[in-house]
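A.B. asks: Residue numbers (the numbering used here), protein chains in the order written: chain A, 1 to 639; chain B, 1 to 174; chain C, 1 to 108.
Source of the hints: derived by calculation from the structure; they are not laboratory data.
Be aware that a few hints might be false.
Reference listing, derived: stretches of chain C covered by chain A, where coverage requires no fewer than 3 residues with Cβ under 8 Å from a Cβ of chain A [to be verified]: (1) 22-36; (2) 78-89.
Derived pair list, reagent style PhoX-like, types lysine-lysine, alpha-carbon separation capped at 20 Å [stated by the list, open to error]: (3) 451(A) x 374(A); (4) 165(A) x 114(A); (5) 91(B) x 26(B); (6) 118(A) x 25(A); (7) 451(A) x 165(A); (8) 538(A) x 368(A); (9) 91(B) x 34(C); (10) 573(A) x 451(A); (11) 34(C) x 26(B); (12) 34(C) x 96(B); (13) 34(C) x 99(C); (14) 193(A) x 77(A); (15) 99(C) x 26(B); (16) 91(B) x 99(C); (17) 93(C) x 34(C); (18) 368(A) x 451(A); (19) 114(A) x 166(A); (20) 99(C) x 96(B).
Think of the CB as a built atom: it goes at the ideal place given N, C-alpha and C, for glycine as much as any other residue.
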Amino acid sequence: MDLYVIGVVLLPLIGFLINGILWDKNNRIVSGTIASACVAGSFVLSIIIFLSVRAASVGERSFLIHFYDWIHVDALKVPMAFLIDPLSSIMCLLVTGVGLLIHIFSIGYMDEEKRPAKYFAFLNLFIFNMLILVLGSSLLTTFIGWEGVGLCSYLLIGYWFEDSKKADAGLKAFLTNRIGDAGFLVGLFFLYKLFGTLNYQDLNVLALSFNSPESLGLLTAGLLGIFIGVCGKSAQIPLYVWLPDAMAGPTPVSALIHAATMVTAGLFVMIRLSNLIILSPTAMAVIATVGALTALIAAIIGTCQWDIKKILAYSTVSQLGYMVLAAGVGAFGGSLFHVLTHAFFKALMFLGAGSIIHALHHEQDIRKMGGLKKTMPITAITFTIGWIAIIGIPPFAGFFSKDEILWSAWAGEHGHFLLWFMGWAAAGLTAFYMTRLMVLTFWTPSRSEHKAHESSPLMTIPLVCLAVLAIFGGLLGIPEVISHGLGIHIPHFLNEWLDEVAYIHVIHGKVSHEIILMLLSVGIAVFGAIAAFLLYGKHQDTRERIVSKAPKFFELVSEKFYVDELYEKMILKPLRLLSESLWKDVDQKFIDGAVNGSNTSIKKLGQGLAAVQNGFFQNYLLFMIVGLIAILTVFVRYI
Amino acid sequence: MDLASVFFWILSIPILVGAICVVFSKNPLFSALFLVLSMVGLGALYFQLGAHFISAVQIAVYAGAVMVLFVMVLMLFDRKAVESEEAAVIKNSQFKWLLVSVFLGLMLGLIFSQSFIAGPDTILPEATSVVSTKELGNLLYFKNILSFEILGLLLLVIAVGVVSLSRIEGGSDD
Amino acid sequence: MTDLLSFFQVSLNHYLALGLILFTLGLAGVFIRKNLIVILMCLELMLNAVNLIFVAFSHYQGIPLGQVYVFFIMTVAAAEAGVGLAIAISIYKRFGTIKMDLLTALKG
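Let's have the full structure, built from the sequences with the hints guiding it.
C.D. replies: If you want it as structure tokens, here you go:
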């Protein structure tokens with residue numbers, strides 16, 4: 001087991017080092033094969049680990065693999081250790097599995113690339129850091145990976161750094177995440193102050209016996225601090241602004257990092273700390289509200305975007321909002337469920353978008369697409385599967401996970417009608433903008449200047465694999481209502497699997513309510529889809545009439561509620577002014593003045609003293625005599 | 001007023017006059033000659049103080065050999081480089097004079113304050129204060145032989161050094 | 001009158017004062033003269049002044065060792081004169097003058 005775990009983590013690092021050495025070599029196939037082979041090895045080992053965790057008896061599925069004591073100062077003891085348990089093993093599978101598919105896809109996608117080795121090296125480094133993040137046995141070990149994936153995200157968003165806009169997008173992602181990371185660290189300090197440890201296992205044990213209402217405030221503060229970090233990494237309001245800009249990176253990167261894996265790091269940490277979060281109703285309420293608002297607002301913005309990747313990005317933000325909402329209402333199992341299914345169908349859609357963009361010579365505007373159903377059949381079919389999955393039509397993956405979240409938001413003890421309503425409305429909007437995307441991209445006649453063609457098998461095979469996962473991913477957690485209704489007893493696999501490491505609380509409500517809610521969510525999805533189909537298909541004039549009735553509102557939405565502009569005015573501008581005044585007034589005038597002043601005063605003094613050195617040797621003698629006289633004076637006094 | 005006093009006062013006149021003229025005469029050659037005068041006077045004073053051998057050395061080596069060296073070196077130079085039409089003395093040296101005066105005042109004050117003055121009663125009889133050449137030789141060659149040898153070595157080094165210094169070619173090398 | 005007589009009656013102090021005046025004159029000469037050779041002469045004058053003081057102390061304290069020092073000083077003075085004059089010749093060769101107010105190569 002130890003060896004497997006080391007292998008899982010080290011293989012991507014080895015790939016990174018090999019490609020790092022090949023840095024300036026320009027061979028896509030070699031670099032890509034090395035990188036993919038390393039991740040494939042990692043994936044195989046992850047399967048072995050997963051199976052051995054499964055083989056262990058229930059309740060004994062956590063394995064702590066201790067390497068050495070990283071920090072050992074007084075009471076603070078942070079071991080460098082990995083925690084293998086149901087949660088981390090399944091996350092390992094997700095990261096390496098989806099990562100492998102995206103690596104393979106990248107070999108096909110990056111065929112015009114100047115520096116493929118660099119790209120694959122960064123991808124491998126990302127996988128390495130992500131594995132550290134999910135395997136770390138304490139919050140601090142996780143934080144290493146947390147920062148590492150942030151770095152890789154920055155490097156890969158700004159991968160085409162010749163374009164300064166793309167480099168700026170990388171910087172924006174990095175800096176926005178810094179805000180979150182600061183909150184995360186503060187949260188760590190609070191939790192350490194409260195519990196005296198940062199190890200997940202110890203925290204879970206302490207959480208179960210936590211019953212001091214007076215330190216509940218401290219706990220809430222710590223959890224909210226960590227939630228700020230989650231907001232940064234998982235793109236929640238108010239720190240979501242970096243994710244749409246992060247689409248400046250290569251599309252496979254968007255699929256891997258900004259849809260499937262890295263953005264779920266925040267959810268992972270919340271599930272890890274679920275036993276703590278459940279103790280603080282305030283934190284729960286904040287998390288749920290933020291999640292629901294994010295889901296709704298991002299979905300609204302998504303309806304008015306034209307860039308295919310931006311649509312998918314806002315969709316990602318919206319879906320992440322669902323996951324956070326799930327965590328906020330106590331449905332941590334549902335949260336992880338949605339993490340998994342979303343990883344499948346969103347990676348699928350991003351890769352499909354990548355395939356389209358690649359075929360259309362980097363055209364990303366959906367108004368200039370269309371008619372791709374015939375020219376790119378495999379992409380179209382797999383994309384359609386992803387579409388059905390995301391809008392939540394049974395029995396595809398998205399339906400089950402979204403339904404579990406909405407049901408928890410409705411019937412859970414931390415749930416609320418408004419939360420459910422926001423999630424429900426977001427589901428309708430999701431169906432609307434995704435159908436709009438489908439209609440404009442695939443089903444309407446072509447408006448493209450380029451002749452599209454189907455992508456190479458290197459790109460289509462990962463699409464097919466992900467499509468299969470998007471269809472059957474839902475089987476991980478079939479709700480009891482349905483399995484009972486069908487007369488077959490399939491256990492809710494995910495909830496049982498996570499039961500011993502996270503807070504899992506299965507809600508038993510009225511069966512009729514649950515079925516009605518399911519029908520409602522399917523209904524609004526179908527409604528949204530049909531509306532989009534009609535408005536962007538046959539009845540374009542109706543759409544234009546609607547838009548012309550409230551042009552201000554639609555402009556507001558398509559300009560993303562001017563959030564970026566607001567941040568620019570409220571935060572960045574004062575900050576820039578402050579920095580400028582610090583630079584010009586404090587640094588240049590005061591500090592430089594002091595430095596230069598001491599310099600010039602010494603220089604002046606030297607120049608003054610240099611006059612003494614006038615070269616007349618008698619003058620030098622003079623000083624000798626002055627000294628002699630001084631000594632004599634003292635002498636005379638004491639004799 | 002004993003004989004010693006008479007000797008002192010008479011000899012101090014050429015000594016001081018010589019010294020003053022060394023400092024102030026424009027022609028370096030005159031300075032050298034006045035220095036000889038001063039040194040001879042000092043040699044006589046040494047004799048009066050019972051240092052017969054030193055007195056002889058003073059006149060023979062100092063006033064003789066060393067001053068001949070000075071005069072010969074002066075002859076080596078271009079007259080114009082050595083003698084100048086303008087003042088031989090650096091102008092604006094009031095501060096230097098002041099310093100020198102302060103120095104003199106301090107030292108005289110030191111001397112005429114009581115401490116290490118031998119009063120008249122401690123003056124030793126004239127006869128016993130004479131140091132014979134034999135006695136001096138004993139002191140030099142037996143008691144202070146190491147210093148003497150080191151001095152000899154120093155002289156050797158200086159002889160070699162002076163030769164090598166004189167052989168340095170002129171001209172600027174910077 | 002007795003005061004005046006006792007002033008003329010020589011003692012160690014008289015010799016010391018004479019030596020001191022000689023020394024100061026030498027020092028003043030070193031300070032104010034331009035000619036390097038004359039400066040060397042003034043140095044000799046200072047050394048002579050010191051010699052006088054040594055001999056006077058030796059006489060009045062009855063310690064003949066003082067004369068040994070005088071002997072040493074004379075030797076060193078002769079050597080110093082030799083080196084000094086050789087340097088003067090070198091300077092003359094190099095700069096064409098031995099006037100110290102013109103030799104300011106040490107200027108900082």
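A.B. asks: Evaluate each hint against the coordinates.
C.D. replies: Comparing the hints with the structure gives:
Here the stretch 22-36 of chain C counts 4 residues with a CB under 8 Å from a CB of chain A, which clears the bar of 3, and the coverage holds. With 0 residues having a Cβ less than 8 Å from any Cβ of chain A, the stretch 78-89 of chain C misses the three-residue criterion, and the hint is violated. A hinted pair counts as satisfied when its Cα atoms are at most 20 Å apart, and residue 451(A) with residue 374(A) qualifies at roughly 12 Å. At roughly 19 Å between alpha-carbon atoms, residue 165(A) and residue 114(A) fall within 20 Å of each other, so this suggested pair holds.
Only pairs whose Cα atoms come within 20 Å are accepted, and residue 91(B) paired with residue 26(B) is accepted, the gap being roughly 14 Å. Pair hint residue 118(A) plus residue 25(A) holds up; C-alpha atoms about 9 Å apart against a cutoff of 20 Å. This hinted pair does not check out: residue 451(A) and residue 165(A) have alpha carbons roughly 28 Å apart, beyond 20 Å. As the CA atoms of residue 538(A) and residue 368(A) are separated by approximately 18 Å, the hinted pair is consistent with the 20 Å bound.
Simply put, residue 91(B) and residue 34(C) have alpha-carbon atoms about 10 Å apart, close enough for the 20 Å limit, and the pair holds. About 45 Å separates the Cα atoms of residue 573(A) and residue 451(A), which puts this hinted pair outside 20 Å; it is violated. Under the criterion of a C-alpha separation no larger than 20 Å, the hint pairing residue 34(C) with residue 26(B) is consistent with the structure, at around 10 Å. This hinted pair checks out: residue 34(C) and residue 96(B) have alpha carbons roughly 14 Å apart, not beyond 20 Å.
For the suggested pair residue 34(C) and residue 99(C), the alpha carbons sit about 5 Å apart, so the restraint of at most 20 Å is met. With a C-alpha separation of about 13 Å, the suggested pair residue 193(A) and residue 77(A) falls inside the 20 Å cut-off, and the hint holds. Restraint check: the Cα-Cα separation between residue 99(C) and residue 26(B) comes to about 13 Å, which is no more than 20 Å; the hinted pair holds. Of the pairs offered as hints, the one joining residue 91(B) and residue 99(C) holds, with about 13 Å between alpha carbons and a cut-off of 20 Å not exceeded.
A hinted pair counts as satisfied when its Cα atoms are at most 20 Å apart, and residue 93(C) with residue 34(C) qualifies at roughly 17 Å. Among the hinted pairs, residue 368(A) with residue 451(A) is consistent with the structure: their alpha-carbon atoms are about 12 Å apart, no more than 20 Å. Distance check on the hinted pair: residue 114(A) and residue 166(A) sit about 16 Å apart at the alpha-carbon level, within 20 Å; holds. A C-alpha spacing of about 18 Å is found between residue 99(C) and residue 96(B), which places the hinted pair at or below 20 Å, so the restraint holds.
Going through the hint list in order, the structure does not satisfy hints 2, 7, 10.
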